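Use the sequences and the hints to build the structure in full.
Residue numbers for the sequence shown follow my numbering, beginning at -11 and rising by one.
If you are wondering where the hints come from, they were derived from the structure by calculation, not from laboratory data. In this text, all values refer to a predicted model and were calculated from it rather than measured experimentally. Warning: the hint list may mix true and false statements.
[What the hints assert, rightly or not] Using C-beta positions, here's what the derived DEER-type ranges look like:
1) ARG62 / TRP17: 30 to 38 Å
2) SER(-10) / ASP29: 24 to 32 Å
3) GLY10 / ALA39: 33 to 41 Å
4) ASN40 / THR18: 15 to 23 Å
5) ALA14 / VAL65: 32 to 40 Å
6) GLU8 / VAL43: 30 to 38 Å
7) VAL65 / SER(-10): 39 to 47 Å
Backbone N, C-alpha and C define an ideal beta-carbon position, used for all residues, glycine too.
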Amino acid sequence: VSASRPRIPLISNVTGQLAEPGYGSAGYWTEHVRAPVRFADSLRTAQSLGANRSVEVGPAAGLTTSVALLTRDRPEVQSL
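Given below as structure tokens:
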């Protein structure tokens, strides 16, 4: 399987920003496994770009369930 440039904008949970060149490479996935997941930052980026729905792709909905706990004007720790 070879990675190619995304046809639609993708957000990296490594950075919480739009995916940059190198997204999907072996180095990217190595960093993804080692680094904290920037899921809240990713959602903020998507929302700032006009998204109002999201899809979690993975073996389970471990991150999506936390969205209900996030409140716009409250720090994450207080919301949890």
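Hints versus structure:
About 33 Å separates the C-beta atoms of ARG62 and TRP17, a value consistent with the hinted range of 30 to 38 Å. Restraint check, SER(-10) to ASP29: a C-beta distance of roughly 28 Å satisfies the suggested window 24 to 32 Å. Range check, GLY10 to ALA39: about 23 Å between beta-carbon atoms, so the 33 to 41 Å window is missed. At roughly 32 Å, the beta-carbon separation of ASN40 and THR18 lies outside the given 15 to 23 Å, and the hint is violated.
The given range of 32 to 40 Å is respected by ALA14 and VAL65, whose C-beta atoms sit roughly 34 Å from each other. In this structure the hint that GLU8 and VAL43 lie 30 to 38 Å apart at CB is violated, the actual value being about 21 Å. Take VAL65 and SER(-10): their Cβ atoms lie about 41 Å apart, and the range 39 to 47 Å holds.
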